[in-house]
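The working numbering puts the last residue of the sequence shown at 397; the count rises by one with no breaks.
What the hints contain is simulated information worked out from the structure, not anything from laboratory work. There may be inaccurate statements among the hints.
In silico DSS-like pairs for lysine-lysine, Cα to Cα no more than 25 Å straight-line [stated by the list, open to error]:
| no. | residue 1 | residue 2 |
| --- | --- | --- |
| 1 | K327 | K170 |
| 2 | K209 | K119 |
| 3 | K170 | K226 |
Simulated DEER-style distance windows between Cβ atoms [claimed, not checked]:
| no. | residue 1 | residue 2 | range |
| --- | --- | --- | --- |
| 4 | T210 | G237 | 40 to 46 Å |
| 5 | D373 | E335 | 37 to 43 Å |
| 6 | I208 | Y376 | 47 to 53 Å |
Ideal Cβ placement from N, Cα and C applies to all residues, glycine included.
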Amino acid sequence: MKNRFRSLGIACAAALAGMAIGSAYAADGASKKPPTMTDVIKNSKPSDWHALDPANTLYLDLKSGRVVIELAPEFAPNHVANVKALVHEGYFDGLAILRVQDNYVVQWGDPDGEDKTKQRAIKTAKRTLKAEFSMPIGDKIPFVRLPDVDGYAAQTGFSGDFPSARDPKLGQAWLAHCYGTVGVGRDLDVDTGGGTELYAVIGQAPRWLERNITTVGRVVQGMDLLSSLPRGAAAMGFYDKPEQRVKIERVRLAADVPAAERVNLEVMRTDTPAFATLIESRRNRIDEFYKVPLGHVDVCSVPIPVRAATP
């Protein structure tokens, strides 16, 4: 383990509307102050938000608190289904965070995962699956495209609640590896992952991992609990002493948790004029602090807001 990584038309119209808004502000900047991201959120309508789907939301419970993960079955249907199966059989309960590499990832799984005589048994789930690095572009994967050039993909933007990328020539789409992205650890063989080992990105977006790792979702709450963990001293940030590992209390699917015990969150929709305006507020940061608007933004530099659901 220590020597391996384990590692729509409407939407486009909304994005173009945001670009037009930015041009208007540039033309009339003296008389009209452009909105900041805070302004966009404050002035948003209830219809600009949607609640997390309990059937695709995981709770990773640590002693320090709860990490909420939104799953992306459109991008990795078999792996997401397998992770759910692992959760239902209690596979992760009592396991540990094994690796915390500075400016890179937090990884969790079975400390004895490479020892076939000691590794935790799997009941109904599968230990390995065929890789799902990308998916065919299709109607099931919406896309709000960013106007800016990207160094890692022909196009970048947002697919539902996730930063994503695509290549129309190849006909493929995939999740972008941004801060908070959750991926599936594997060995050198591309088909050696299955979801028994997962990681979350806690550093500068490692976009070079895209189409080399199966990604299953993103952390929507609790990144502070992961990013603040002590760094591992061994190679690649692994903890070299068992007592340094952080115990996982349990992992559950939100749908299996009583409603009163759920974390009720809602995510800003990315296919709305409000989000198009938010994108523009990040492309051209024109509040009082910024003196040079750049007119450019990376897909990983546009936050997708998450907030407590309104009663």
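Here's how the hints hold up against the structure:
no.	hint	verdict
1	K327 / K170	violated (30 Å)
2	K209 / K119	violated (59 Å)
3	K170 / K226	holds (21 Å)
4	T210 / G237: 40 to 46 Å	holds (42 Å)
5	D373 / E335: 37 to 43 Å	holds (41 Å)
6	I208 / Y376: 47 to 53 Å	holds (51 Å)
In summary, the structure is inconsistent with hints 1, 2 from the numbered list given earlier, while agreeing with the others.
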